[in-house]
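A.B. asks: Using the sequences and the hints given, assemble the complete structure.
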Amino acid sequence: MNEIIKLSAADLAAKLRDGSVTSTQAVQAHLDRIAAVDGGDRGVHAFLHLNAEEALAVAAEVDAIRAAGGPEAEALHPLAGVPIAIKDLIVTKGQPTTAGSKFLEGWMSPYDATVIEKIRAAKLPMLGKTNLDEFAMGSSTEHSAYGDTRNPWDLDRIPGGSGGGSAAAVAAFEAPLALGTDTGGSIRQPGAVTGTVGVKPTYGGVSRYGAIAMASSLDQIGPVTRTVRDSALLHELIGGHDPKDSTSIDQPVAELAAAAEQGATGDLTGVRIGVIRELQGEGYDAGVQARFDESLQLLRSAGAEIVEVSCPNFEYALNAYYLIMPSEVSSNLAKFDGVRYGNRVLPAEGPMTIERVMGATRAAGFGDEVKRRIILGTYALSAGYYDAYYGSAQKVRTLIQRDFEAAFAQADVLVSPTSPVVAFPLGSKLDDPLAMYLNDVATIPANLAGIPGITVPGGLSENLPVGIQFLAPAHEDARLYRAGAALEKLLEDQWGGPLINQAPELAESSKEGVA
Amino acid sequence: MAHATEELVDFDEALDRYDPALGFEVHVELNTATKMFSDAPNAFGDVPNTNVTPVDLGLPGVLPVVNKKAVEYSIKIGLALNCQIAEYCRFARKNYFYPDTPKNFQTSQYDEPIAFDGWLDIELSDGEVFHVEIERAHMEEDAGKLTHMGTSGRIQGADFSLVDYNRAGVPLVEIVTKPILGAGKRAPELAKAYVAAIREIVKNLDVSDAKMERGNVRCDANVSLMPKGTTTLGTRTETKNVNSLRAVEHAVRFEIERHAAVLDSGEKIVQETRHWHEDTRTTTSGRPKSDADDYRYFPEPDLVPIVTTKEWIEELRAQLPEPLAERRKRLQADWGYADAEFRDVVNAGFLDAIEETIAAGASPAVARKWWMGEISRLAKNADVEPLDLGVTPATIIELNSLIEAKKINDKIARQVLEYVVAGEGRPTEIVEKRSLAVVNDDSALGAAIDDAMAAMPDVVAKIKDGKVQAIGALIGPVMKATRGQADAGRVREIVLEKLGVEG
Numbered sequence: 008m009n010e011i012i013k014l015s016a017a018d019l020a021a022k023l024r025d026g027s028v029t030s031t032q033a034v035q036a037h038l039d040r041i042a043a044v045d046g047g048d049r050g051v052h053a054f055l056h057l058n059a060e061e062a063l064a065v066a067a068e069v070d071a072i073r074a075a076g077g078p079e080a081e082a083l084h085p086l087a088g089v090p091i092a093i094k095d096l097i098v099t100k101g102q103p104t105t106a107g108s109k110f111l112e113g114w115m116s117p118y119d120a121t122v123i124e125k126i127r128a129a130k131l132p133m134l135g136k137t138n139l140d141e142f143a144m145g146s147s148t149e150h151s152a153y154g155d156t157r158n159p160w161d162l163d164r165i166p167g168g169s170g171g172g173s174a175a176a177v178a179a180f181e182a183p184l185a186l187g188t189d190t191g192g193s194i195r196q197p198g199a200v201t202g203t204v205g206v207k208p209t210y211g212g213v214s215r216y217g218a219i220a221m222a223s224s225l226d227q228i229g230p231v232t233r234t235v236r237d238s239a240l241l242h243e244l245i246g247g248h249d250p251k252d253s254t255s256i257d258q259p260v261a262e263l264a265a266a267a268e269q270g271a272t273g274d275l276t277g278v279r280i281g282v283i284r285e286l287q288g289e290g291y292d293a294g295v296q297a298r299f300d301e302s303l304q305l306l307r308s309a310g311a312e313i314v315e316v317s318c319p320n321f322e323y324a325l326n327a328y329y330l331i332m333p334s335e336v337s338s339n340l341a342k343f344d345g346v347r348y349g350n351r352v353l354p355a356e357g358p359m360t361i362e363r364v365m366g367a368t369r370a371a372g373f374g375d376e377v378k379r380r381i382i383l384g385t386y387a388l389s390a391g392y393y394d395a396y397y398g399s400a401q402k403v404r405t406l407i408q409r410d411f412e413a414a415f416a417q418a419d420v421l422v423s424p425t426s427p428v429v430a431f432p433l434g435s436k437l438d439d440p441l442a443m444y445l446n447d448v449a450t451i452p453a454n455l456a457g458i459p460g461i462t463v464p465g466g467l468s469e470n471l472p473v474g475i476q477f478l479a480p481a482h483e484d485a486r487l488y489r490a491g492a493a494l495e496k497l498l499e500d501q502w503g504g505p506l507i508n509q510a511p512e513l514a515e516s517s518k519e520g521v522a
Numbered sequence: 013m014a015h016a017t018e019e020l021v022d023f024d025e026a027l028d029r030y031d032p033a034l035g036f037e038v039h040v041e042l043n044t045a046t047k048m049f050s051d052a053p054n055a056f057g058d059v060p061n062t063n064v065t066p067v068d069l070g071l072p073g074v075l076p077v078v079n080k081k082a083v084e085y086s087i088k089i090g091l092a093l094n095c096q097i098a099e100y101c102r103f104a105r106k107n108y109f110y111p112d113t114p115k116n117f118q119t120s121q122y123d124e125p126i127a128f129d130g131w132l133d134i135e136l137s138d139g140e141v142f143h144v145e146i147e148r149a150h151m152e153e154d155a156g157k158l159t160h161m162g163t164s165g166r167i168q169g170a171d172f173s174l175v176d177y178n179r180a181g182v183p184l185v186e187i188v189t190k191p192i193l194g195a196g197k198r199a200p201e202l203a204k205a206y207v208a209a210i211r212e213i214v215k216n217l218d219v220s221d222a223k224m225e226r227g228n229v230r231c232d233a234n235v236s237l238m239p240k241g242t243t244t245l246g247t248r249t250e251t252k253n254v255n256s257l258r259a260v261e262h263a264v265r266f267e268i269e270r271h272a273a274v275l276d277s278g279e280k281i282v283q284e285t286r287h288w289h290e291d292t293r294t295t296t297s298g299r300p301k302s303d304a305d306d307y308r309y310f311p312e313p314d315l316v317p318i319v320t321t322k323e324w325i326e327e328l329r330a331q332l333p334e335p336l337a338e339r340r341k342r343l344q345a346d347w348g349y350a351d352a353e354f355r356d357v358v359n360a361g362f363l364d365a366i367e368e369t370i371a372a373g374a375s376p377a378v379a380r381k382w383w384m385g386e387i388s389r390l391a392k393n394a395d396v397e398p399l400d401l402g403v404t405p406a407t408i409i410e411l412n413s414l415i416e417a418k419k420i421n422d423k424i425a426r427q428v429l430e431y432v433v434a435g436e437g438r439p440t441e442i443v444e445k446r447s448l449a450v451v452n453d454d455s456a457l458g459a460a461i462d463d464a465m466a467a468m469p470d471v472v473a474k475i476k477d478g479k480v481q482a483i484g485a486l487i488g489p490v491m492k493a494t495r496g497q498a499d500a501g502r503v504r505e506i507v508l509e510k511l512g513v514e515g
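From first to last, the protein sequence lines stand for chains L and A. Using our numbering, read the first sequence as starting at 8 and increasing by one per residue. Using our numbering, read the second sequence as starting at 13 and increasing by one per residue.
Careful: at least some of the hints might be erroneous.
As the list claims (entries may be wrong) - Selected chain A positions facing chain L (in silico; Cβ < 8 Å): (1) Leu-71; (2) Val-77; (3) Phe-109; (4) Glu-147.
If you are wondering where the hints come from, they were derived from the structure by calculation, not from laboratory data. These numbers were taken from a predicted model, which means no experiment stands behind them. For each residue, glycine too, the CB sits at the ideal point set by N, CA and C.
C.D. replies: So this is what it looks like as structure tokens:
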């Protein structure tokens, strides 16, 4: 394996800066890795589209600027030349954007998402677009219309979802950085089950403009990486106010990388860490619970004060989420009717009215999980049911926010397992939506409250990664990086290196590459 | 399917037995530079689908951003309608599938309007005032424009439809009244006067171009009847898109006559929307509308709430133009019109037109003469709104200066105006082209006068005897001989001269 691909983004960036590696070499190394492990029947299948030509062109541009030196070279973003993969829910000019749906197969966005504009401005070569559950609806990436993504730790297991493609790409060393989106855990849960790092920023911390909306009040774009520091660097790049997103926070991005560096000293003296009573125990795998308990010991040994907090209304979080999210889904996905874009499907027989064309288009274009949520949401918003369902769910949301407020009065950050279980076998929960939904029980409260969360690798159970989640008050994303980096450092000291080094070597699955 | 002919009851008879209740939903398109939720230009008449951004097309991933100017304009409308302004309000999504709505939901305020609980006093032609209560004025976005290709012109039976999203997202304010009771037989007049008042207010505020023919102001008119002596509102119908002042008046009148016939026959009014047909001045059945129409409204999660501060509202209030009542007082004083003259001008809806004409250089008397006289007469003959004839202040000024220069007389000027309205060009061009200039050539005139005098020796004798007013009898034949192009004053001078009589 080419050593370049094992580097963290920060380390690769340093090598690009000192000239020991060129961006072209870095991009080519990752393209080679993708060609080796992503395609074929037993490939990871993290990518839906490869953007090799443009990525190499951007890399060459960065290399030329560096070679020329001078002010332009000095003005380069610290991550310039470091390749990145993009979840295929985020629109990109020049590359197709499918949202994992047949409906958008072949659709090319005429505009870039705000985060993509920032990535272009910083000159990060984009390797391509990664797989996801259709319109980000799922916890296993099995709801993609373009096939399953496999977990690099065990190719017969799910990589989590919806951002299984981004997490698997990073875990399989196909990219050092990726973008994800997190509505109920779609960055953090895949991070947990692939042994990688993922962050859901404070709601409004990163512009949503150009992320195809699933549930507007919950969605957030965030970093997917192998190290806490890399997440901080990427978060600083993509964060900040965007006039195109009314819900984006009108404040500069905090010093996140600095917080990660502070955490990496492994000292948490004076930091109060709250253990959420409701997010452990019953329903959590014994192995997950064991790794979580060990992490708590390490945090305590690093000087943190561990306190127990109670969030009694979390009991209703999943229920509230599965009313609010589908309600917004039912409205957000109404635009996919085949009138202006996407794959129009005509009714096989009968009159050719606009209603019937829209109906046939949506029947053919959406998968079952998407349809399930649209129907659920349509019902929840209907006259006569609105108060009982959507209205009640919004009240629960307020109660959960209050639970967090009370908890953060006692603690600077909260901690829990990210996912109650490790990666499960592909296909094992496909016929049981409720079992699938339970994967997000620990991640959903943060989305409902709009607060930030991070997952960091916490060790293995049954030879599969376990994730530890930290949560912080809104706007206090920096605390996540300090706590996350500290735990990362403490654990890596025990392991003798990153957890990902314990992942099995991937066999070359195919020379075919992907589409 | 609509009935070809509806049973109607005579208007006066209908209102002998029933009391009408009216209600109006007036949509006002704001004239902001950009759209409600995007930075696409808000412009009328451009090439279809050019004033669009990804937001207006509802492309995947886009987000709306509220146009602050549109909010300010809406607040100004609210203030001018004596409304309360919400300290906090939100947009909602009104969900329904229709291809003129790119997102398949309309972003509109629902139960949290920016302005509410206002009122407006509407003065009718004889000075009677009706107090109309405004329930709310809320912000929303316009839909795109569909053109159905096929013989029917409607979506049903169309071969295909074309859509222009230039209008999609244009900012609208919808002004909704509370039920208006007690108008009786004046209901159609009140309807017209109310919509005229709204149009005048938004024009005065300069928040809308207020051109009804362009759809800048659109009215949905609700009508119901209840038997006299009862107080429970009857079932209403909503006649959609009644887009001229006269049409509003006619639609209300028609619906009253139709409702009465249905109720008289013991049947029930179907709660529905009605289509207005300008050609036949009738309405036909649209789609059933019930209060249970389920639009699955919920607060728009992509927008943050609008919060208004006292300071902001007072700043906007300070920017409001002179209120209309005060403006009227001022204009009447400036123009020197008598009360009755001024009321006629107001009732005819000519305040702005006359103000513009005077501003363009006409005297108040000349402006009033043309608008109240010939322009109104032409409009009446053509059965259109006087303002829709397209007569500009420049035309009036030009006609008047032609008269003052004695190039044409009043009678010819009226003819010229007809030709202007018919699209023949500017007055001067028409006078030239049609050789309408007054005959000032005394030799030609003299010949015509000689002929007339020769034909009427008795008249000549009377004039010679000092009965100068007898000249009138000669003027007719002279005019006839010169095809009306003679100047009557000059004819008189020449006759007196020829006969050696002092005038």
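A.B. asks: Which numbered hints does this structure break?
C.D. replies: 4
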